[in-house]
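There are 2 protein chains.
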Amino acid sequence: MNLTVVKVGGAIVEDADSLRSLLDKFANIPGHKVLVHGGGRSATRIAEQLGLPQQMVAGRRVTDAQTLRVVTMVYAGLVNKNIVAQLQARGINSLGLSGADMNVIQSHRRPPKNVRMDDGDTQLVDYGFVGDIDHVNADLLADLIAKGVVPVVSPIGHDAHGTLLNTNADTIAAEVAKALASAFDVTLVFCFEKRGVLRDAGDDDSVIPLITQDLFPALVAEGVVSGGMLPKLENAFSAIHDGVHEVIITQAEAIDNPNAGTRLRL
Amino acid sequence: MNLTVVKVGGAIVEDADSLRSLLDKFANIPGHKVLVHGGGRSATRIAEQLGLPQQMVAGRRVTDAQTLRVVTMVYAGLVNKNIVAQLQARGINSLGLSGADMNVIQSHRRPPKNVRMDDGDTQLVDYGFVGDIDHVNADLLADLIAKGVVPVVSPIGHDAHGTLLNTNADTIAAEVAKALASAFDVTLVFCFEKRGVLRDAGDDDSVIPLITQDLFPALVAEGVVSGGMLPKLENAFSAIHDGVHEVIITQAEAIDNPNAGTRLRL
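Chain order of the listed sequences is A and B. Heads up: the first sequence is residues 253 to 518, going by this note's numbering. Heads up: the second sequence is residues 253 to 518, going by this note's numbering.
Hints may contain errors.
Copies of the same chain look alike in the list, so a pair counts if it works inside one copy or between any two.
Claimed, not checked - Think about it this way: if two alpha-carbon atoms lie no more than 25 Å apart in a straight line, the pair counts; the simulated DMTMM-like pairs of lysine to aspartate or glutamate are:
no., residue 1, residue 2
1, K399, D411
2, K277, D411
3, K277, D378
4, K446, D276
5, K446, D466
6, K277, E445
7, K446, D267
8, K277, E505
9, K399, D371
Derived from the structure by calculation, the hints contain no laboratory data. It should be emphasised that the depicted structure is a prediction, and the values quoted were computed from it without experimental measurement.
Isolated chain A, as found in the complex:
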């Protein structure tokens, strides 16, 4: 059985019009599916309205106890339940989840570690209540998916000792895809601001349609894949090594178009 895991970032799910358009397209994807979402912009806005200035280090949120309450509310409550309600309106029997629900995503709190800053220096950073994933418990999830339920996963994990943990949504999508790969033939779709991986960064029409594992090192050597795209593709190939059939990097506008974006395969 085919299963498509789609990861979509905050900018799309937090704007009412782009969310509607995304969910229309998500509804068009045939077969079983899972949606993993972000919600960072709303979290930042609401945190600041509540008088909690937000600190980002190397692109990641420092999550103190008060900020954890905000991201829990916004990701697992506001954003997640609005997506679920709108999918139900499209006849999709969705189920919103955090990692604590059915113990789907078990994590541990990230210890302080050296992080490379934008200026190239490294710095010891304690991100607070941020999780690194240990395990995805896929059995009950796979049962529900096989019954036609569409999980909608928010980027909140837990440590199995009662503490929720803010968790990167890209990582959740990859780990969920891998964990479900033993039960389904999984395609993992990352929504991206560009139309795919571009051969020429300045030319939006230069999408590379297919990158195989053999082609990948050459693209890195040529400098075609660099910067933030490099860890993204490394993670994608890691998921493929762990059983995911295919990873697609595409725009949110094209998630239901089987010919759009860049496909990664063995």
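Got chain A sorted already, so can you dock chain B onto it with the hints?
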């Protein structure tokens, strides 16, 4: 198979110590179980911090679009996921739900209606995004419960057209209990500030241990059951007529004590 549905109000789940104590006791209840919770005090506090003054009419919240966002965040996100994480820490495989999740609770927006005010006058009130329940879809829920999953239900419903609706938690508990009564032998427990239904309002030791349907009219005639307790018991007997085995009215501190509180039976 026995199933216990416990409804607990906001005051208990919003205080860290009383929540811990409640969950310890909830964990002790044998057999299958469901927890339905409130969260109104946190919602009011956070709404006011966000600059949204809250309006209560006859004890119920007027829910405009901005307030709907807040109750969705607080009930289905903050309160729900913290309960779920803490139950997981106690080895209980819980699953947090709003009514939109798996279309568990389908509602319609309550039309403006005449409401009896505290001063005895009636007034036409539009409660905004508030739901009256049409239907509980119990099949997938019953499957999960039979597999050992413990649903934790937040008081947010949906209209199946994409709109979430603020919904009374007592009503949710009663409707969930009734819907599951065809699959389980259901006991419905309402947590109450007193030790049970009291024969003498001034004497906390005067708990009436059992009220049968035959005894109920006499207690009303004697004035023992009056005020806010009257609709509570009417709803309880209505649930019993619809298949719920037993309703218990007790304190949160005693939900795991089979001899505490007041039992209602046919």
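Okay, the hints, checked on the actual structure:
1. Proximity of K399 to D411 under the C-alpha cut-off of 25 Å is restricted to the inter-copy arrangement: shortest distance 22 Å between copies versus 28 Å within a copy.
2. Within a single copy, K277 and D411 get their C-alpha atoms only as close as 34 Å, which misses the 25 Å cut-off; across copies the closest is 22 Å, which meets it.
3. For the homomeric pair K277 and D378, neither the shortest alpha-carbon distance inside one copy (39 Å) nor that between copies (35 Å) is at most 25 Å.
4. In the homo-oligomer, the alpha carbons of K446 and D276 lie at most 25 Å apart inside one protomer (20 Å), although the nearest pairing across protomers, at 50 Å, exceeds that limit.
5. In this homomeric assembly, K446 and D466 come within 25 Å of each other (Cα to Cα) only inside a single copy, at 23 Å, whereas the closest approach across copies is 71 Å.
6. For a Cα distance limit of 25 Å, the shortest separation of K277 from E445 inside one copy, 16 Å, qualifies, whereas the shortest one across copies, 49 Å, does not.
7. In this homomeric assembly, K446 and D267 come within 25 Å of each other (Cα to Cα) only inside a single copy, at 18 Å, whereas the closest approach across copies is 46 Å.
8. Within a single copy, K277 and E505 get their C-alpha atoms as close as 7 Å, which meets the 25 Å cut-off; across copies the closest is 49 Å, which misses it.
9. In this assembly of identical chains, K399 and D371 lie within 25 Å of each other by CA distance neither inside one copy nor across copies; the values are 49 Å within and 52 Å between.
The structure shown violates the earlier hints numbered 3, 9.
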